[in-house]
Amino acid sequence: VSKFLEYTLDKFTFRVAADRFYSADGVWAKVEGAYILVGVSDFFQQHHGDVAFAEVAPAGTAVVAGEPFATIETIKVDIDLPCPLSGAIVEVNEALDFEAEIINQDPYGQGWLASIEATDWPADQGKLLDPQAYFEHMKAEAESISESK
Amino acid sequence: VNQNKKVIIVPCSGIGKTYGTVSREAAYEVVEELRPEQAQLVALSLLVLGNDEARQAVAQNPAIAIDGCKLACASKMVAESGGRVAEEYAVLDVYRRYRQFKPRGIAELNEGGQQLAHALAEEVAANVDELLDAEGDQDA
Numbered sequence: 003v004s005k006f007l008e009y010t011l012d013k014f015t016f017r018v019a020a021d022r023f024y025s026a027d028g029v030w031a032k033v034e035g036a037y038i039l040v041g042v043s044d045f046f047q048q049h050h051g052d053v054a055f056a057e058v059a060p061a062g063t064a065v066v067a068g069e070p071f072a073t074i075e076t077i078k079v080d081i082d083l084p085c086p087l088s089g090a091i092v093e094v095n096e097a098l099d100f101e102a103e104i105i106n107q108d109p110y111g112q113g114w115l116a117s118i119e120a121t122d123w124p125a126d127q128g129k130l131l132d133p134q135a136y137f138e139h140m141k142a143e144a145e146s147i148s149e150s151k
Numbered sequence: 102v103n104q105n106k107k108v109i110i111v112p113c114s115g116i117g118k119t120y121g122t123v124s125r126e127a128a129y130e131v132v133e134e135l136r137p138e139q140a141q142l143v144a145l146s147l148l149v150l151g152n153d154e155a156r157q158a159v160a161q162n163p164a165i166a167i168d169g170c171k172l173a174c175a176s177k178m179v180a181e182s183g184g185r186v187a188e189e190y191a192v193l194d195v196y197r198r199y200r201q202f203k204p205r206g207i208a209e210l211n212e213g214g215q216q217l218a219h220a221l222a223e224e225v226a227a228n229v230d231e232l233l234d235a236e237g238d239q240d241a
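If you read the protein sequences in the order shown, they are chains A and B. Numbering of the first sequence is given in the numbering used here, commencing with residue 3 and proceeding in unit increments. Numbering of the second sequence is given in the numbering used here, commencing with residue 102 and proceeding in unit increments.
No lab work stands behind these hints, which were simulated from the structure alone. Nothing here was measured: the structure is a model prediction, and the numbers come from that model. The beta carbon of each residue, even a glycine, is placed where N, CA and C say it ideally should be. Possibly wrong hints are sitting among the right ones.
[Stated by the list, open to error] Distance windows between CB atoms, simulated:
| id | chain 1 | residue 1 | chain 2 | residue 2 | range |
| --- | --- | --- | --- | --- | --- |
| 1 | A | VAL66 | B | GLY183 | 57 to 65 Å |
| 2 | B | GLU133 | A | LYS129 | 20 to 28 Å |
| 3 | A | GLN107 | B | ARG200 | 19 to 27 Å |
[To be verified] Mimicking DSS-like on lysine-lysine, the simulated pairs with C-alpha atoms at most 25 Å apart in a straight line are:
| id | chain 1 | residue 1 | chain 2 | residue 2 |
| --- | --- | --- | --- | --- |
| 4 | A | LYS13 | B | LYS171 |
| 5 | A | LYS78 | A | LYS129 |
| 6 | A | LYS78 | B | LYS177 |
| 7 | A | LYS13 | A | LYS141 |
| 8 | A | LYS141 | A | LYS32 |
| 9 | B | LYS203 | A | LYS13 |
| 10 | A | LYS141 | A | LYS129 |
| 11 | A | LYS151 | B | LYS106 |
| 12 | B | LYS177 | B | LYS118 |
| 13 | B | LYS203 | B | LYS171 |
| 14 | A | LYS141 | B | LYS106 |
| 15 | A | LYS151 | B | LYS171 |
| 16 | B | LYS171 | A | LYS78 |
| 17 | B | LYS106 | A | LYS13 |
| 18 | A | LYS141 | A | LYS151 |
| 19 | A | LYS32 | A | LYS129 |
| 20 | B | LYS106 | A | LYS78 |
Start from the sequences and build out the full structure, keeping to the hints where you can.
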């Protein structure tokens, strides 16, 4: 079984990691031990371009599903990222302070944003897209963007 | 300073991109205002076309490439044209050092973009001086 679902459109190939859940905005959530790791999808980072700065709410901050928990500034836009779950941030990826480009280089690995202690993960997970559903959503979005150009 | 050599400035030619515009504005400032006698602009498109004069310029002088994105077309074309990239700037990296100058706009940069282009131009100009000093030392 492939670790990634892949979709190629023109010269771009977008990968969806098969081991996590996604919001429609392209924020992923993955169970890592007792906590939930969150980051952005490959499609998100390719669509929005090179990341200049990434700021995540500090450890200890209470987060609410659907509410912003991080801001990403790319060469194209500034984006307030909605959190895919409710809980409390327990750790922020400190590497983002000095090499935010890791979000572009490794969105599913080194480019993670925060680790969160979930309030009710089963409930929040139920509202997220599984990899196949996000893959279909992403394909439709990529095609729509391509057609509008 | 070596009077014969010039430093060649090759900026990004990306159209419709803010960071490409910053790279070109910085290059113009260097060759028109800050170091008009020491630096010379070579258009990336001439290198792509294989223009003899442009190729000769980068082959015979140190070149500074200013890239607007990670594709690094300016740096790559200098190298592929037989030139030596003496220094390579990526606008995004420069912006990370000057976060207060947030660039926006394409045909016309906002104030932050203009300030970023100016900061980049100052860095490039200082680099021009260093490169020509080094060339002079080698010729001595």
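Structure-based check of all given hints:
Here the CB-CB span from VAL66 of chain A to GLY183 of chain B is close to 58 Å, well matched to the stated 57 to 65 Å. For the pair GLU133 of chain B and LYS129 of chain A, the supplied restraint of 20 to 28 Å is violated, since their beta-carbon distance comes to about 57 Å. At about 20 Å, the CB distance of GLN107 of chain A to ARG200 of chain B agrees with the hint of 19 to 27 Å. Of the pairs offered as hints, the one joining LYS13 of chain A and LYS171 of chain B holds, with about 16 Å between alpha carbons and a cut-off of 25 Å not exceeded.
This hinted pair does not check out: LYS78 of chain A and LYS129 of chain A have alpha carbons roughly 29 Å apart, beyond 25 Å. For the proposed pair LYS78 of chain A and LYS177 of chain B, the alpha carbon gap of about 24 Å is at most 25 Å, so the pair holds. This hinted pair checks out: LYS13 of chain A and LYS141 of chain A have alpha carbons roughly 14 Å apart, not beyond 25 Å. Distance hint between LYS141 of chain A and LYS32 of chain A is fulfilled; the C-alpha atoms sit about 21 Å from each other, no more than 25 Å.
For the given pair, LYS203 of chain B sits about 30 Å from LYS13 of chain A by alpha-carbon distance, which is inconsistent with the 25 Å threshold. Our distance criterion of 25 Å between C-alpha atoms is met by LYS141 of chain A and LYS129 of chain A, whose separation comes to about 20 Å. A threshold of 25 Å between alpha carbons decides the hint, and for LYS151 of chain A with LYS106 of chain B the separation of about 45 Å lies outside it, so the pair is violated. For the proposed pair LYS177 of chain B and LYS118 of chain B, the alpha carbon gap of about 19 Å is at most 25 Å, so the pair holds.
The suggested pairing of LYS203 of chain B with LYS171 of chain B holds, with an alpha-carbon distance near 18 Å, which does not exceed 25 Å. Between LYS141 of chain A and LYS106 of chain B the alpha-carbon distance is near 53 Å, which puts this suggested pair outside the 25 Å criterion. Among the hinted pairs, LYS151 of chain A with LYS171 of chain B is consistent with the structure: their alpha-carbon atoms are about 22 Å apart, no more than 25 Å. Between LYS171 of chain B and LYS78 of chain A, the direct Cα distance comes to roughly 14 Å. Compliance with the 25 Å bound is thereby established for this hinted pair.
At most 25 Å may separate the alpha-carbon atoms for a hinted pair to count; LYS106 of chain B and LYS13 of chain A exceed this at roughly 41 Å. The straight-line distance between the Cα atoms of LYS141 of chain A and LYS151 of chain A is roughly 16 Å, inside the 25 Å bound, and the hint therefore holds. This hinted pair checks out: LYS32 of chain A and LYS129 of chain A have alpha carbons roughly 14 Å apart, not beyond 25 Å. For a cut-off of 25 Å, the pair hint linking LYS106 of chain B to LYS78 of chain A is broken: about 38 Å separates their Cα positions.
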